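*Asks:* Position chain B relative to chain A; hints supplied.
Protein sequences, first through last, are from chains A and B. Letter by letter, the first sequence follows residues 1 to 308 in our numbering. Letter by letter, the second sequence follows residues 1 to 308 in our numbering.
I should point out that these hints are in silico values taken from the structure, not numbers from a laboratory. Here the structure is a predicted model, which means the values were calculated and not measured. Some clues are possibly wrong.
What the simulated footprint calls covered on chain B by chain A, stretch by stretch (three residues with Cβ under 8 angstroms from a Cβ of chain A suffice, anywhere in the stretch; the number is not a length) [said to hold, decoys possible]: (1) 22-30; (2) 145-151; (3) 246-252; (4) 258-265; (5) 285-291.
We put the CB at the ideal spot given by N, CA and C, even for glycine.
2 protein chains.
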Amino acid sequence: MYYLGVDIGGTTIKAGLVEDTGRLVDQTRIPTVTDNWSALLSSLTTLIQGFQSRVSLKGVGIGVPGLRNRHTRKVITSPNIPSLTDVSLEKIVADEVHLPVTTENDANAAAYAEFICGYGSGLQHMAYLTLGTGLGSGVILDGKLFGGASGYAVEFGHTVVEPGGRSCSCGSLGCLETLVSATGILLTALELMRGEPSRLHELKEPLTSELVYHAAIDGDPVARATLEITGRWLGIACANLINALNLELIVLGGGVMAAGDILLMPAVESARRHSLAAPFQDCRIVQSRLGPEAGMIGAAMIARDSQN
Amino acid sequence: MYYLGVDIGGTTIKAGLVEDTGRLVDQTRIPTVTDNWSALLSSLTTLIQGFQSRVSLKGVGIGVPGLRNRHTRKVITSPNIPSLTDVSLEKIVADEVHLPVTTENDANAAAYAEFICGYGSGLQHMAYLTLGTGLGSGVILDGKLFGGASGYAVEFGHTVVEPGGRSCSCGSLGCLETLVSATGILLTALELMRGEPSRLHELKEPLTSELVYHAAIDGDPVARATLEITGRWLGIACANLINALNLELIVLGGGVMAAGDILLMPAVESARRHSLAAPFQDCRIVQSRLGPEAGMIGAAMIARDSQN
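Next up, chain A with everything else stripped away, as it sits in the complex (with noise of 0.2 angstroms):
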């Protein structure tokens, strides 16, 4: 029996078939419509009912990037895509494919892999971070995702954490996501290229948190600065969680987090620094090993687990 994990993203659909297990057994991608609603819909019905003509699905999980409101089901807001605005998604997706479906805030549903089939696995109190463009989060305290009053929560990457710092896209200003996403890598980069030598003012292409990372494995000073600016707010992120929730576990994930240890190393040391001792002793961090299938498999245990 399996279930089908939607991940909703600003440029593409990922679809997982995914065994009741938690094991991802395939899975296709498709670009994402994201200022027409119907052609939206459309792609996602037929992408659903792809898989629902090969094999039997006992349900859908949809992750959507934008607040959920867990009393009305409705997707709320996706500054991403303008079209998931106050949307009975679930119900409306549900009608077309007569499955059941369960929709959850994208860095939600991928906190939940990492919880179910992750490292967090038999744990009570974890969090999972994915830095992609933005800066995504969900927790899972005692042993259970947590949503809050409404289910919005978690949006740690919208904490203050450099007050009058970057603008950032949710009208406030120096959230912890203006510094620890690509976004945040690529500001950095920009402010310290200023008067600096450094491979990055040759490039023929836009700069990507991807070159920056690239020059700096080659040993440029200027990209390696970066990521250890970038690490070191990152550990101060996880500090904050620490700190606040006395964690077992931080999971980091999202194509940002490609870079491997040459953000996890200053980020733990950070972490260290910025933590009180005895919650920091009770926490790991680690980078995800589901990486860029958590989103799927996730929302596809939550499909599973929405109907036990």
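*Replies:* Same frame as chain A, now just chain B:
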């Protein structure tokens, strides 16, 4: 039937006789012996036995200003009372007074009082911040006092909001507590007084946060600016709680909140500016109605509920 709630502070130990409904019917206070373990224990047992000689107690709850491990039930560290390091306080006191004794972090105890008998009654998700010499905190999540892996949560006062900022007693820099507390008010006032005319320059006694408050009431511009800035930091603290945990309520208590609206109003405005719209709408920010009695009442209610 009564429970005794004991609130151990850095300078004073308060003890309150509490009905099982949470109503405080009698209280007393003694000075805290901070540097001598046997004198501290002796004063605690004498205090409890004084109540035992007059009424029948069903149990004792003790709030301690430090970290308490939920597994070992030991107080592991208390920055202001060095003799409370790695001490089985509840077992030792229980053996002396022949009653069930429970310990808890003092701010967690006060948070529990606000949840059981204060504005949080009937809610599922709330935080309590207590602004004293430092910044204490406790949260109720999913209708339960949240402790995390070992019971050290939450130490929200030690989340970093100004990296590289003021030195904190915990050894880190830029913790919220260095800005939002009596100590924070004092440091902010001293910074703003440099080169500015203010009646704070003319005081015959050492500057305190209370004197800053009185000067603000009398219209002193430096004192007013100090409380305005502190209020804005308090608002950032609230916004970080709101974005992270999607709470229904934040209760603000502690001696510093005697300043009332002069702190609360800039805090609410700053919280609104730094919060995501949807979770901000879910959350009220209010001043405690239990005031300095919250610690005693909460410790007593924890003693009550630990027996069920």
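*Asks:* For every hint, state whether the structure bears it out.
*Replies:* These are the hints, each one checked on the structure:
Check on the segment 22-30 of chain B: 0 of its residues sit with their Cβ under 8 angstroms from a Cβ of chain A, so the three-residue criterion for coverage is violated. With a threshold of 8 angstroms between beta carbons, the proposed coverage of the segment 145-151 of chain B by chain A holds, since 6 of its residues qualify and at least three are required. Only residues whose beta carbon comes within less than 8 angstroms of a beta carbon in chain A count, and the segment 246-252 of chain B has 3; three or more means the coverage holds. Under the rule that three or more residues need a Cβ within less than 8 angstroms of chain A, the assignment of the segment 258-265 of chain B is violated, with 0 such residues.
Only residues whose beta carbon comes within less than 8 angstroms of a beta carbon in chain A count, and the segment 285-291 of chain B has 0; fewer than three means the coverage is violated.
Violated hints, listed in ascending order, are 1, 4, 5; each of the other numbered hints is respected by the structure.
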